[in-house]
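Read off the chains here:
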Amino acid sequence: MSSLDPRVNRLDKKKISEGEVHTNTHLITWEVFHQEKRGKQPVHVGIVHASTPEMALVLAKEQYARRGKTTNLWVAKTTDVYTFATEDEDIFETTPEKTFREPAAYKVRDRIEKFQNQNKVEI
Amino acid sequence: MYGSTNLTEEEAKRMNTTVEDPEKLQQFEDRIARGEKIEPGDWMPTEYRKQLIRMIEQHAHSEIVGALPEGTWITRAPNFRRKLALIAKVQDEVGHGQLLYSAAETLGKTREQMLDDLLNGKSKYSNVFNYPAKTWADIAVIGFLVDGAAIVNQTINSKGSYGPYCRALERICYEESFHLKQGHDNVVYLATGTKHQRAILQDAINRWYRPLIHFFGPPDKMSAHSEKLMKWKVKLASNDDMRNQFLDMYVPKILELDITFPDPNLRKNSDGIWEFSDPDWDEFKRVINGDGPCNKERLEVRRYAEEAGRWVRQALMNPSEKYKVPLA
Chain A
1 MSSLDPRVNR LDKKKISEGE VHTNTHLITW EVFHQEKRGK QPVHVGIVHA STPEMALVLA
61 KEQYARRGKT TNLWVAKTTD VYTFATEDED IFETTPEKTF REPAAYKVRD RIEKFQNQNK
121 VEI
Chain B
1 MYGSTNLTEE EAKRMNTTVE DPEKLQQFED RIARGEKIEP GDWMPTEYRK QLIRMIEQHA
61 HSEIVGALPE GTWITRAPNF RRKLALIAKV QDEVGHGQLL YSAAETLGKT REQMLDDLLN
121 GKSKYSNVFN YPAKTWADIA VIGFLVDGAA IVNQTINSKG SYGPYCRALE RICYEESFHL
181 KQGHDNVVYL ATGTKHQRAI LQDAINRWYR PLIHFFGPPD KMSAHSEKLM KWKVKLASND
241 DMRNQFLDMY VPKILELDIT FPDPNLRKNS DGIWEFSDPD WDEFKRVING DGPCNKERLE
301 VRRYAEEAGR WVRQALMNPS EKYKVPLA
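Sequences listed follow chains A and B, in order.
Numbered continuously in my numbering, the first sequence closes out at residue 123.
Numbered continuously in my numbering, the second sequence closes out at residue 328.
Lysine-lysine pairs mimicking BS3-like chemistry, simulated, CA-CA at most 27 Å apart: (1) A/15 / B/296; (2) B/221 / B/13; (3) B/322 / A/61.
Simulated DEER-style distance windows between Cβ atoms: (4) B/317 / A/61: 20 to 30 Å; (5) A/79 / B/256: 53 to 63 Å; (6) A/12 / B/203: 31 to 41 Å; (7) B/296 / A/79: 39 to 49 Å.
Residues of chain A clear of chain B, computed beta-carbon distances all greater than 10 Å: (8) 58; (9) 71; (10) 75; (11) 90; (12) 93; (13) 101; (14) 102; (15) 104; (16) 105; (17) 108; (18) 111; (19) 114; (20) 119; (21) 120; (22) 121.
These are computed hints drawn from the structure, not numbers from a lab.
Just so it is clear, CB atoms sit at the ideal spot from N, CA and C, and this is done for glycine as well.
Build the full structure now, drawing on both the sequences and the hints.
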């Protein structure tokens, strides 16, 4: 093999495997959370493959902190993250009308003014 | 054709004959028609899963193998700033490969199975990386035009239906905007430089023109179609449409530098469609099937890395930990 890349020409040819290759080393995966700034929520950004949390953090730094600002990264084993089943999405659709949970639904100014007019309240 | 959606006749036939639960299929197709994304835990047709794995896996391999021709020039970059930019770009490409393997993994094929298929020649990667980077000008042309073509493809695919693939592509497109800009910067410096710099740039354009025309795959009239892949938003634009968009965006940016393309028939028609000479689709097929200038070298480098690094990966293994398909 004569390559344009001198590093390729220096490769130990005995180490180029022949025949079928079976990689067969499945490292476990870690879910990665990225915190951009102090005070911001850590956000899930993806996974890395690693055998220890330390290695997962190093790889997460290379993969998810190359650009912009990073304050911290969290990693958690994929097997330690529990979720609802995707097909159970409808459990979040409870009552369709939920304005009673919103501040904008509570307007009392009209009522106060009516009361003041009727009762001649002066301040 | 970063990740190919061209089907063999056999695959096209299977697409139309595989029987799925009609009720689930209807719900799945309705969801896609409403513009909603499919997530890993969702029910999906067998062929949807299969075609996505194939496409994302090929895309991942392309990123990993694509780092090789460019990596060649890190040690010989003409100055420190260019060297920093090239190191950063090559690191990004390998990172993109990892992001894409992760997305494909959520569909149930492990990263290691994908790597095995690459090393054993069962799985393809983009043809464009089977050509050599002979001079520094090749790095400029790859950074500008190969990445430009890739961004056309990836931006379109990021509007697809599979959530994890879309998320990976959005991150990739964001990062690749820098690749494109530094590639353009590099091309412009060579084009406005000495006679020799202009000459190596022209030579690089002459050699990369055909692989770039090949990049988006065979013309629509030559490739097997599946309306289902379009309906399922796995394929979002035809090869010819993507190629036309690429030519429209990038040909003028080369011509304005008084650099030419080695094709007297390259021109835009009044209807907005670009015409070009037959780019020898037999060459495209030969290179895909292993007979390109660098196929052997690319695979040997990857096989070396696999063999030489195996003891490290084995030492890192923790046998008590069980691999589980990642969540997203």
